[in-house]
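Undergrad: This is what each chain is made of:
Protein chains: 2
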Amino acid sequence: MQPAGDHGFGTVEGGVTAPSGFRAGAVAAGIKKAGKLDVALLVAESAVPAAAVYTTNTIAAAPVVVSRAHTANGHIRAVVINSGNANACTGVSGRADARAMASAVGDAIGCAAEDVVVASTGVIGLPLPLGTVLGGISGAADLLASDGGPSAAEAIRTTDTFTKQCAISLTVGGITYLVGGMAKGSGMIQPNMATMLGFITTDAPLTPAACDSALRAATARTFNRITVDSDTSTNDMCLLMASGAAGGDPIDAGSERYDAIASAIHHVAGELARMIVRDGEGATKFVEVTVRGAASEHDAELAAFSIANSPLCKTAIFGADANWGRVAMAIGKSGAHIDPDAFDVVFAGIPTCLAGAAIAFDEQAAAEALGRPDVDVLVDLHVGDATATVWTCDLSYEYVRINGEYRS
Amino acid sequence: MQPAGDHGFGTVEGGVTAPSGFRAGAVAAGIKKAGKLDVALLVAESAVPAAAVYTTNTIAAAPVVVSRAHTANGHIRAVVINSGNANACTGVSGRADARAMASAVGDAIGCAAEDVVVASTGVIGLPLPLGTVLGGISGAADLLASDGGPSAAEAIRTTDTFTKQCAISLTVGGITYLVGGMAKGSGMIQPNMATMLGFITTDAPLTPAACDSALRAATARTFNRITVDSDTSTNDMCLLMASGAAGGDPIDAGSERYDAIASAIHHVAGELARMIVRDGEGATKFVEVTVRGAASEHDAELAAFSIANSPLCKTAIFGADANWGRVAMAIGKSGAHIDPDAFDVVFAGIPTCLAGAAIAFDEQAAAEALGRPDVDVLVDLHVGDATATVWTCDLSYEYVRINGEYRS
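So the protein sequences, as listed, match chains A and B. Those letters in the first sequence? Residues 1 to 408, by our numbering. Those letters in the second sequence? Residues 409 to 816, by our numbering.
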């Protein structure tokens, strides 16, 4: 699925602190209840090349507004993340709070506030408990360690049922590089130019431009190809930081080393993105939707997202009902160019529709295939050569329970 | 809510056969199980002025393809509707079946097949049981009666839990006109240029052009302003027939009589559209979403639909959770022009957000307001003068149950 190319990736432990040159720490500051970790710091040894993508939601949260300005110059020293409160729809005081978080990190580790990215996740529209958060920043700074990645991954969770992190190694041109990442997200997930929260680190000496290029290419086909519920958060961001600690000359786009490292970043982003969907709120099944034979990649993406976001398709998959007609409905409403007498549908591995018309299939076999935890939906539009794959989950009773009760 | 103007509408019984000049009949042909009515005929005395709008889903069902051709000349004699099978994704044989239905109606009542509209609703992708349907057409023709509207409204139901019909009278220029209508729909509802199935009759002597104008104006702000699940069916259509039986000169657009009758048609379409949402699959609440102060009506509609289709907003309303931050998220992702420091949110009558920032509110009062069967969501964007209202329902466990088990 991933364009791993010829670069064999090795799996390593440690998440965002697997690559050299990064330390992390997390504490339970008291924003979340019950002593759960809720403030995390991720820190490089100095301001390092970095790039970020942010939510396209026009009601961007305060930390997004502040961080967007801080990443504009292509260098970042540290990231602070709090969970339990999104600091969104909090007006002028919310932006002041986000800046105060950056300043507090700068004071604690010795850098300018402008070298700090701020990320928040949690309930929208509640004032940030700034004193609690600042206490957490101070505590997390005391705990910074080169094996702190897993605790940071733990601290950024909200409704996530498991932590989302991974790290891989690759060797190219005689040098071994590491790429690590962590993410959070489970609901309000149809990122657009970013994910809920994603943080990727590497010790490769990427330039700021190479960071930006690699991050945008990776997110376009990973974080921007997932959906849980079609909703786009006010707080989404994905950040890449490159410490350069692996050594060697700076790496810009267009070289063999760049291609290998960009591919590794794509791989880590894809793993994290799929973890978010596997942990989609109430998900009982992981669904991979591929549309091929489309007139353009944009059309393929439109049709695949239309299936992945259709409540009728998602509930049919939850109920193990091979009601592929809903897939036809979804591509037909998508806006993609369709020849109604040409498209094929293969539902959970079972051909159900050929050239736009129903074909007989074994309902028992289909029910069995749909009963498995991983379900593939494949549509061939037969009008072109473009393909897109989108990952999603089913829509269950549990989704309704989680989201009917979230704040209460 | 409706632009009723100065024309006091009186409520009358009889649905589509309330206006003079129409007869209807319905039978249980055996397409649906358990002896339920499943084939309906609605017939005028001769081919009368008519207009129709159809689904924008590019995978239009066979009856849509056939009927679109039949309504092109602005006159229709009869409509045949079957429930229990959508005759969609059925290829060439499906289109032949739809034409055979039109021919059978023509034979039974004495008209050309081209004067008959065909509508089907039910499961997508199953071959139409043509013999069963043709038997039903013959039976329904024998039962045609001027009080047959209610049985026709019964016969077009699928997952609908109640029949959807209404009729009103208005007097203008010394003549009393009647407008009646019936509709079906409960899931796969975000019509676009039409509804699931809607049929409106009047005895006013509207010209074909006046029919077209009145129908398009009415559907744009009624059937095209509702959503249950964001899904657009392959079979949607809405038809208006004008028998002229009330007498008087032909009525074209641009006259006082036209305005009054168009307003009545709008009223009937609005009543039917809101009935569909009240009967939304699994709905426990009727939700009216109004966005005002928008830069354009299109922007207002985008923002209102974004709220109405957001699974997170819909589940919050189901759970009586005043989580208005999800409303902010939804307008922010909608694509409408937003000033993040200007918008207000009033959730179930409770002001929760002013000028883009949270304000304190009484959670107990909000929970009580959200516990009622009708919930209003009001957003003022404060960037212009345009308004749009969209109607929807909440997203409940029952929606998941109905759609996880539908075909099984």
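Wrong hints could be hidden among the right ones.
[Claimed, not checked] Far from chain A by the CB rule (all over 12 Å, computed), these chain B residues:
#: 1; residue: Ser454
#: 2; residue: Thr466
#: 3; residue: Gly499
#: 4; residue: Gly514
#: 5; residue: Tyr666
#: 6; residue: Arg700
#: 7; residue: Gly701
#: 8; residue: Lys741
#: 9; residue: Ala773
[Unchecked claim] Covered stretches of chain B, as calculated for chain A (at least 3 residues, CB under 8 Å):
#: 10; segment: 445 to 452
#: 11; segment: 527 to 533
The hints are simulated quantities; they were obtained by calculation from the structure and are not laboratory data. Glycine included, every Cβ here is placed at the ideal spot set by N, Cα and C.
Undergrad: Now look at each hint and say whether the structure bears it out.
TA: Verification of the supplied hints:
1. Ser454: Non-interface label stands for Ser454(B): nearest chain A Cβ at 34 Å, farther than 12 Å.
2. Thr466: Thr466(B) is in fact no farther than 12 Å from some Cβ atom of chain A, at 4 Å.
3. Gly499: Not fine: 3 Å to the nearest Cβ puts Gly499(B) too close to chain A.
4. Gly514: holds (26 Å)
5. Tyr666: holds (33 Å)
6. Arg700: It holds; Arg700(B) is separated from chain A by about 17 Å at its closest Cβ, greater than 12 Å.
7. Gly701: Label holds. Min Cβ-Cβ 15 Å, cutoff 12 Å.
8. Lys741: Per Cβ check, Lys741(B) is inside 12 Å of chain A; nearest 4 Å; violated.
9. Ala773: Non-interface label on Ala773(B) holds, nearest chain A Cβ at 15 Å vs cutoff 12 Å.
10. 445 to 452: Violated, because only 0 residues of the segment 445 to 452 of chain B bring their Cβ atoms closer than 8 Å to Cβ atoms of chain A.
11. 527 to 533: Since 3 is at least three, the answer is holds.
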